[in-house]
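Asks: Same order as they appear, the protein sequences are chains A and B. Start counting the first sequence at 23; every next residue gets the next number (the working numbering). Start counting the second sequence at 23; every next residue gets the next number (the working numbering).
Hints are computed from structural coordinates only; laboratory data are not their basis. On a predicted model such as this, the values are computed, not experimentally measured, just so you know. We treat Cβ as the ideally placed atom computed from N, Cα and C, and that holds for glycine. There may be inaccurate statements among the hints.
As the list claims (entries may be wrong) - Covered, in the sense of this in silico footprint (three residues per stretch, anywhere, with C-beta under 8 Å from a C-beta of chain A), are these stretches of chain B:
| # | region |
| --- | --- |
| 1 | 44–52 |
| 2 | 130–139 |
Claimed, not checked - Over the 12 Å line for every Cβ pair with chain A, so calculated as not near, a few chain B residues:
| # | residue |
| --- | --- |
| 3 | 56 |
| 4 | 194 |
| 5 | 214 |
| 6 | 339 |
| 7 | 393 |
| 8 | 459 |
Said to hold, decoys possible - Derived BS3-like pairs (lysine-lysine); straight-line CA-CA distance at most 30 Å:
| # | chain 1 | residue 1 | chain 2 | residue 2 |
| --- | --- | --- | --- | --- |
| 9 | A | 437 | B | 376 |
| 10 | B | 104 | B | 90 |
| 11 | B | 377 | A | 437 |
| 12 | A | 437 | B | 90 |
| 13 | B | 116 | A | 456 |
| 14 | B | 377 | A | 456 |
| 15 | B | 304 | A | 377 |
| 16 | B | 437 | B | 456 |
| 17 | B | 437 | A | 437 |
| 18 | A | 377 | A | 304 |
| 19 | B | 116 | B | 101 |
| 20 | A | 116 | B | 304 |
| 21 | B | 437 | A | 376 |
| 22 | B | 456 | A | 376 |
Number of protein chains: 2
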Amino acid sequence: MKKSPGVPEPSSELLQRALDVRRSAVALGQTTDQDRRRALMSMADSLASNADEIVGANAQDLERSEMKGLSTALLSRLKLDKAKLLGAIEGVRKVALLPDPLGIRQLNRELSEGLVLERRTVPLGVLGVIFEARPDALMQIASLAIRSGNGAILKGGSEASLTNETIMKALREGLVNTPVDPHTLELLTTRQESLSLLRLDGLVDLIIPRGSNELVRFIQDNTRIPVLGHADGICHLYIDSCADLEQAVRIAIDSKTQYPAACNAIETLLLHRDIAASFLAKAIPIFKEAGVTLRGDQASQDLGVQIAANEEDWAIEYLDLILSIRVVSDLDAALEHIRRYGSRHTEAIITNDKKVAERFLGAVDSAGVYHNCSTRFADGFRYGFGAEVGISTQTLPPRGPVGLEGLVTYRYRLKGDGHIAADFASGDRCFSHKDLPL
Amino acid sequence: MKKSPGVPEPSSELLQRALDVRRSAVALGQTTDQDRRRALMSMADSLASNADEIVGANAQDLERSEMKGLSTALLSRLKLDKAKLLGAIEGVRKVALLPDPLGIRQLNRELSEGLVLERRTVPLGVLGVIFEARPDALMQIASLAIRSGNGAILKGGSEASLTNETIMKALREGLVNTPVDPHTLELLTTRQESLSLLRLDGLVDLIIPRGSNELVRFIQDNTRIPVLGHADGICHLYIDSCADLEQAVRIAIDSKTQYPAACNAIETLLLHRDIAASFLAKAIPIFKEAGVTLRGDQASQDLGVQIAANEEDWAIEYLDLILSIRVVSDLDAALEHIRRYGSRHTEAIITNDKKVAERFLGAVDSAGVYHNCSTRFADGFRYGFGAEVGISTQTLPPRGPVGLEGLVTYRYRLKGDGHIAADFASGDRCFSHKDLPL
């Protein structure tokens, strides 16, 4: 096992709590769709009847954090007023209504007469969730976990500790008298515990970090448990020589400015050299008006970009109204740039040449590859998943925006009537491998 | 990045070779089904026309290894005579005929008018394969990699070095004049290189170890790249009080003895206390006849098992004609034993009580859960996958026996006509989320 300095061994008390979550999760995995819907509705009701207490706890967290000098941006993420809380409660009810991701039969095959193999979706087991400031994430993730049949061990930011504890108390109260054991949800409160969570291999099946790039990277580097998510979102937009200029400018502006702090906003614009001059002539004033600072390579500086981009600019996620621009000789040069600096999140091409588009969509190895539209569509809600756990940039599934489907796995169930392998080895029986209706 | 003692940084020469494989793999990922079939057939032809050279190289490896005192078991795995080679070549041709795992549309959804999202299977990229002794694994894995559109960096055992080099030369010769670049396949020859392979994150997408439990565990503990496979296969068979005795004995014998060195053979038999006496009275002589040594807890010793099992026996994969036996008070005790000692590979229950069976299939958290049949069916060929890369005991997919399907991932492709997110935020456009035919 990889020992990471600074990541402590779990205490026996934490191990016991994790084991309790795991045991409750096994029972949860066997509940029906109706059971879990009822549990979520009851969680929502309990949150609603504890709303004043939750908002009060949040006011205390806010006051303490203000005194500690937390930044305005973080304070605004920490704040949970009545309206925001009611929105989050509505979110829990919406998750209850999403289709059940469990028990879906993905394979149904007769292996031989009387020997039938099924592959059915089952919960992962226990999720470990580490999130920063925003206390509404606690309600969202807890409801996604229960809906998908998973236990969850959650750790929120210390700024929100009182809010989180009050929310968790309400959620667990909501589960009393439902078919779901309140022990399915567990809240960690100390930093020590949240670090130890990374060492709970065998008890926690998936870690979901919700926070800064640094948080995600730290977690990825310090656990053997699979991590769902991404550290960087360095998305590219490539404007081909065959692009519709007006469309290209509109999509570039949207991809950069519609919400610059999102992971699916672009950081780098790659321009085919044949269109660079006319594109920049049109785009520079519009970017300027939108408050976007442009940083360019020599060729784009020659065409009016005023600030020089250096090597580091190609590898950074600004999360801000800054955009790096590079002029490339052709599609291959654009692909090479993306391969070198991209983070395999989402890349888009603007072109009216379908062959060029197909080459781009085929060669770019990102979770999302787009043609003639904004990168900002990379999102579970926009994809129609109803909920989003996060966006994964890893190679193996689940990748891209991940909904409830990413919180389940499958199990092979084989039913026979005394079937043994020796009879097949001897030739007394043989395999039919006949697919049955799903 | 996790630094592991003894795992060296890759040399610049190895990085360059890995980069070449990656580049070739991008091109491979865009070939057609026919292209890849042709490449495999040509690989098979080249192996056939180099057969004498391969068998000759193997004779030299065998001679050297015999002089070094390699065990008879390992020598027999190393041996590649003409018949075995022709079988392996036939295997390559069979892989060529398997259905294409690439380009399968898993999702086809109109997000809004003119904005269509597809999810299609694509190759993982580059596989890193580390296998011991058996040189036929090289041909099998190389063909599975090419068939699924993946490059492969392979490292075989040093005993088989001349055989592997000769096979690799033939495979690459076979790829000349096909649409697949010979650089898609790369063979590592030194131990130093194979260790560095574990550090090629970003260039290698999946590590497939084929070898001993120790090899797999070492690899899992020393790489950040996902590892497909399993270290232990500690499979359990639980005989419920409601079992058909004759069936139970037959399945127990098959699960243990049909091929005891396989990972899907059972290591522990759990007996419901109400059936333990009658089962053991019937089974002990049959196990004895089959050469199986039984090790039991106190209760089963009281019923005739002669050797005592200690705590370690519950946690070991014998890979031999040894079976540990424990008498349990009920289903829950059996489930608790499996939860504690199992490796989440395959577990089976024998019972005529359907409710008990359903509880077992629902509560056991293994890749395979079986009812009234032998655990020996846990195998990609028996499941009808046509080929098997390995068996995964991890929670996340792919798990269980993994065929070509486990060597692909997916990509979201979104095509629009100037669509931007701002129009949806403003309400000018709205999402339809209409599923289209696949």
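Asks: Give a verdict on every hint.
Replies: Status of each hint after checking the structure:
Closer than 8 Å: that is the beta-carbon criterion, and the region 44–52 of chain B has 3 residues meeting it against chain A, so the requirement of 3 holds. Look at the region 130–139 of chain B against chain A: 4 of its residues bring a Cβ nearer than 8 Å to a Cβ of that chain, three or more, so the hint holds. For residue 56/B, the condition that its CB be more than 12 Å from all CB atoms of chain A holds, with the nearest at approximately 16 Å. With a least beta-carbon separation of about 23 Å from chain A, residue 194/B lies farther than 12 Å from that chain, consistent with its non-interface assignment.
Non-interface call for residue 214/B relative to chain A: holds, since the shortest CB-CB distance, roughly 21 Å, exceeds 12 Å. Remark: the non-interface label on residue 339/B is consistent with the geometry, its nearest Cβ contact in chain A lying 17 Å away (cut-off 12 Å). A beta-carbon of chain A is positioned within 12 Å of the beta-carbon of residue 393/B; the least distance is around 5 Å. Non-interface call for residue 459/B relative to chain A: holds, since the shortest CB-CB distance, roughly 16 Å, exceeds 12 Å.
At roughly 11 Å between alpha-carbon atoms, residue 437/A and residue 376/B fall within 30 Å of each other, so this suggested pair holds. This hinted pair checks out: residue 104/B and residue 90/B have alpha carbons roughly 24 Å apart, not beyond 30 Å. At most 30 Å may separate the alpha-carbon atoms for a hinted pair to count; residue 377/B and residue 437/A meet this at roughly 14 Å. Between residue 437/A and residue 90/B the alpha-carbon distance is near 48 Å, which puts this suggested pair outside the 30 Å criterion.
This hinted pair checks out: residue 116/B and residue 456/A have alpha carbons roughly 19 Å apart, not beyond 30 Å. For the hint pairing residue 377/B with residue 456/A, the CA-to-CA distance comes to about 27 Å; that is within 30 Å, so the pair holds. Only pairs whose Cα atoms come within 30 Å are accepted, and residue 304/B paired with residue 377/A is rejected, the gap being roughly 71 Å. This hinted pair checks out: residue 437/B and residue 456/B have alpha carbons roughly 15 Å apart, not beyond 30 Å.
At roughly 44 Å between alpha-carbon atoms, residue 437/B and residue 437/A are farther apart than 30 Å, so this suggested pair is violated. Between residue 377/A and residue 304/A the CA atoms are separated by roughly 26 Å; this keeps the pair inside 30 Å, and the hint holds. Distance check on the hinted pair: residue 116/B and residue 101/B sit about 22 Å apart at the alpha-carbon level, within 30 Å; holds. With a C-alpha separation of about 57 Å, the suggested pair residue 116/A and residue 304/B falls outside the 30 Å cut-off, and the hint is violated.
Taking the CA atoms of residue 437/B and residue 376/A, the gap is about 11 Å. The hint holds against a cut of 30 Å. Between residue 456/B and residue 376/A the CA atoms are separated by roughly 24 Å; this keeps the pair inside 30 Å, and the hint holds.
Against the hints set out earlier in the document, violations occur for numbers 7, 12, 15, 17 and 20.
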